[in-house]
Amino acid sequence: MSFIGKDGRARGEPMSDTTFLLIITVVIFLAMYVSAAILFSGKGFAKPQMFFNLLNENAALIIISCGLSIVMIAGGIDISVGGMTALISVACVVHLNDMEGSGFLTSLLLALGIGLAFGLLQGYLVAYLDIQPFIVTLAGMFFARGQAAMIETQTRTVANESFSALAQARIRLPIGSMNNNGVFVQAYMELGVIIALVTVAALFVTLRWTTFGRSLYAVGGNKQSALMLGINVKRTKFLSHVLCGLLTGLGGFVFLLHVRSGAVTHAAGYEMDAIAASIIGGTMLTGGVGNIFGTFIGVLTKGAIGNIVRAMGLVGSWWPGITLAAMLCFFLILQSVITSRKRA
Amino acid sequence: MGAGILLTMRGVSKSFPGVRALKGVDFTLREGEIHALMGENGAGKSTLIKVLTGVYSKDAGEIRLAGHPRALNVRSPREAQDLGISTVYQEIGLCPNLTVAENMFMGRSKSPFLNWREINGKTARILGELGIPAKPERQLANCSLAVRQMVAIARAVDMNCRALILDEPTSSLDESEVEGLFALMGDLRARGVGIVFVTHFLDQVYRVCDRITVLRNGDLVGEYPLAELPRLALIEKMMGKELQELSGVHAEARDYGGLTPVVEVEGLRSDQGIAPFDFRNYPGEVTGFTGLLGSGRSECVRAIFGADKVTGGRVRVKGKAARITKPLEAMRLGMAYLPEDRARDGIVSDLSVRDNIILALQVMKGFFRPFTRKKATELAEGFIGLLSVKAASLDTPVGTLSGGNQQKVILARWLLTKPDYLILDEPTRGIDVGTKTEIQKLIVRLAAEGMGVTFISSEIEEMLRTCSRLIVLRDRKVVGTVSGSELTQDNVMRTIAEGSASPAGAAPPDGSAA
Chain A
580 MSFIGKDGRA RGEPMSDTTF LLIITVVIFL AMYVSAAILF SGKGFAKPQM FFNLLNENAA
640 LIIISCGLSI VMIAGGIDIS VGGMTALISV ACVVHLNDME GSGFLTSLLL ALGIGLAFGL
700 LQGYLVAYLD IQPFIVTLAG MFFARGQAAM IETQTRTVAN ESFSALAQAR IRLPIGSMNN
760 NGVFVQAYME LGVIIALVTV AALFVTLRWT TFGRSLYAVG GNKQSALMLG INVKRTKFLS
820 HVLCGLLTGL GGFVFLLHVR SGAVTHAAGY EMDAIAASII GGTMLTGGVG NIFGTFIGVL
880 TKGAIGNIVR AMGLVGSWWP GITLAAMLCF FLILQSVITS RKRA
Chain B
281 MGAGILLTMR GVSKSFPGVR ALKGVDFTLR EGEIHALMGE NGAGKSTLIK VLTGVYSKDA
341 GEIRLAGHPR ALNVRSPREA QDLGISTVYQ EIGLCPNLTV AENMFMGRSK SPFLNWREIN
401 GKTARILGEL GIPAKPERQL ANCSLAVRQM VAIARAVDMN CRALILDEPT SSLDESEVEG
461 LFALMGDLRA RGVGIVFVTH FLDQVYRVCD RITVLRNGDL VGEYPLAELP RLALIEKMMG
521 KELQELSGVH AEARDYGGLT PVVEVEGLRS DQGIAPFDFR NYPGEVTGFT GLLGSGRSEC
581 VRAIFGADKV TGGRVRVKGK AARITKPLEA MRLGMAYLPE DRARDGIVSD LSVRDNIILA
641 LQVMKGFFRP FTRKKATELA EGFIGLLSVK AASLDTPVGT LSGGNQQKVI LARWLLTKPD
701 YLILDEPTRG IDVGTKTEIQ KLIVRLAAEG MGVTFISSEI EEMLRTCSRL IVLRDRKVVG
761 TVSGSELTQD NVMRTIAEGS ASPAGAAPPD GSAA
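Listed in order, the protein sequences are those of chains A and B.
For the first sequence, counting from 1, position 20 maps to 599 in my numbering; every step adds exactly one.
For the second sequence, counting from 1, position 243 maps to 523 in my numbering; every step adds exactly one.
Please keep in mind that the hints were generated in silico from the structure rather than gathered at the bench.
Take the hints with a grain of salt, since some may be wrong.
[Claimed, not checked] Selected chain A positions facing chain B (Cβ under 8 Å, derived; list incomplete): (1) N676; (2) D677; (3) G680; (4) W788; (5) T790; (6) F791; (7) Y796; (8) A797; (9) M807; (10) G809; (11) V868; (12) G900; (13) I901.
Glycine is no exception: its CB is placed at the ideal position from the N, C-alpha and C atoms.
With the rest of the complex left out, here is chain A (with noise of 0.2 Å):
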């Protein structure tokens, strides 16, 4: 895997926490996907198609689960991140229904302005006023959910052409499979993905490469070491923040494109799925430890699992949130044996 070891890890060192955790997570998605696609064959899981599925469905939440990282790697949480993606999709539908001269282009405007004003109040509460994130988001997500059913109780769909012609847009890939009636079929990605591993790329880059990336881990590991090191600790906070509310705008708009309309009840329980996908993914709750590659591959496997539970016949609604609960267990474990060792 290349994107390990580019910081030139000698050989025989020990790991870094951030690998170790990493590694797990693909190892872990990988088998689960591999048998499943043995196992279930004969119910399309070896079809590429199911495999882009599983990014059709997610790109939104994988954009905002990257968000949602940077500010658990930074030290802190938003919740206010399901109610934030409601909230733009009932104000970009109203704005793309409504409004004369709307575009794809203004409600993508439209939804990255309601992120990053999110982002700058939240941020600077948290960072300047040293209030607990937990607390200033959870204020964040009900006033998110208020201010959607302000503008619009109703369940609308979006009728623009501009914006629905982006949204019905397929990728078509050259690889694909034969369908019953033997004709092959090419296997297709929404635009949605596209924007999202674009920002997976540019995220990991980031987080590895960039002086801001490097001062999350910093502050995030340890606060005072941070502060002693040189680095301003607040404006990382903030921009951690500024951040996290930018991407939940950008993913509010590839949710958006995916399910086009709005609706105060959309993206329930994002935030949490947004948490566990980052948790699976190797990024610690403490903070100072994370990956975005895992986040993105932690999302995948949270659907996944959703997909496999289908597959196997349990079809009662609570399997994958149970699934999902053993999987999240192991893992917090994991995390607290890593940080228990390094007490001792």
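Fit chain B to the given chain A structure using the hints.
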């Protein structure tokens, strides 16, 4: 500024509400010297360092640095670093989740991008030059404490530091790690760096330092070349001798031959790094653990009480073998412990006086059998009277009382459990003189009633007055025992300095006194 002088502090004063932490202190650091800053608890060492590094602002005085025409006004640790004054703190100040190289260069570059190859290369070179056994790519958490400390020093050196302050750098290192650190310090001295070395370990001071500055109670006692200040003189200067020869007041040494010790330990040690020690306390006897701050006084009694993790040794309580792994077991065996840090380990400041007093007894009885309010009031009132606690009522939250009264409340809590053996760790710190005397009298009275008491205090004359036998510690090791007619300040200090066991002592062999 004279030749070779790197840094001078003149007439530096600093007050906190209610305390004058520094009173016109002078300090001079020269190029290429290791300068020990010594003093007991509250002497003002850490305040002086924090003023120098910009953590605190000074109230008066001036700081001058060679090469700067004007007096400095250091406002933040960052500014101090830029001036070439770096501090390596006990708890280090690096990020364990980052690599060694990142810790060396984090926060120093203006570039938005990180060139891993460059910082790894530079780090490898610096580590090699200074002989630090670490790899740049290694995560800091995977390095030993000693290496982490050296990395912090290397960072400071690479930032062109001219004055390096090491605050208790050796307290959690083993002997070979200390050697490595000293070698590094010697290397830096040769390069002309001025090092301020703060430590509690006297042996280490005499091994590496060139000069000693002693502070006491915020005052400068003096600055001495190492050769002109023998160990005993240093201890005298640190402890002060004003109250000397108050002895004779203390309890007479008695013959406890026929009695069974209320507690007896052999080879006891804990995970806090104290050397195995033997100790016994007879009923009616007041013993004390003495030594400089950090010598392991508290660690010894915490091991006896099971407050730290005991890693070896035997304990007998009232003649019966016992295994104490946690404080509750010690309490059930009739022991009580009044901890050193009452704010952290003792007082529950939001609870009322009554609830604080019955707390220990309630724990022993079990939480599912609560005392009635009437019974609790009765118990609490008895002791409030006995100890003359000044509180508005039994319902007053303990946090609102004065330090002395808080201490009495905790004392009442333990006396209520009717212990056979009572440990008082610094019960008189931070309380007024009148209350101090009351507590001392109470200790003697409790002993007269047959209780075994162990008493710890930083003020040696207080211990001489109350105890009939003193166990002397140095560098986490018992170095001697002083008892009976030999209980004088001179003898205690000599024992601390030389580790010479007095004839009556039962000290383990110890040849380390240089």
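How the hints compare with the structure:
{"no.": "1", "hint": "N676", "result": "41 Å, violated"}
{"no.": "2", "hint": "D677", "result": "42 Å, violated"}
{"no.": "3", "hint": "G680", "result": "37 Å, violated"}
{"no.": "4", "hint": "W788", "result": "5 Å, holds"}
{"no.": "5", "hint": "T790", "result": "5 Å, holds"}
{"no.": "6", "hint": "F791", "result": "7 Å, holds"}
{"no.": "7", "hint": "Y796", "result": "6 Å, holds"}
{"no.": "8", "hint": "A797", "result": "5 Å, holds"}
{"no.": "9", "hint": "M807", "result": "4 Å, holds"}
{"no.": "10", "hint": "G809", "result": "3 Å, holds"}
{"no.": "11", "hint": "V868", "result": "6 Å, holds"}
{"no.": "12", "hint": "G900", "result": "31 Å, violated"}
{"no.": "13", "hint": "I901", "result": "32 Å, violated"}
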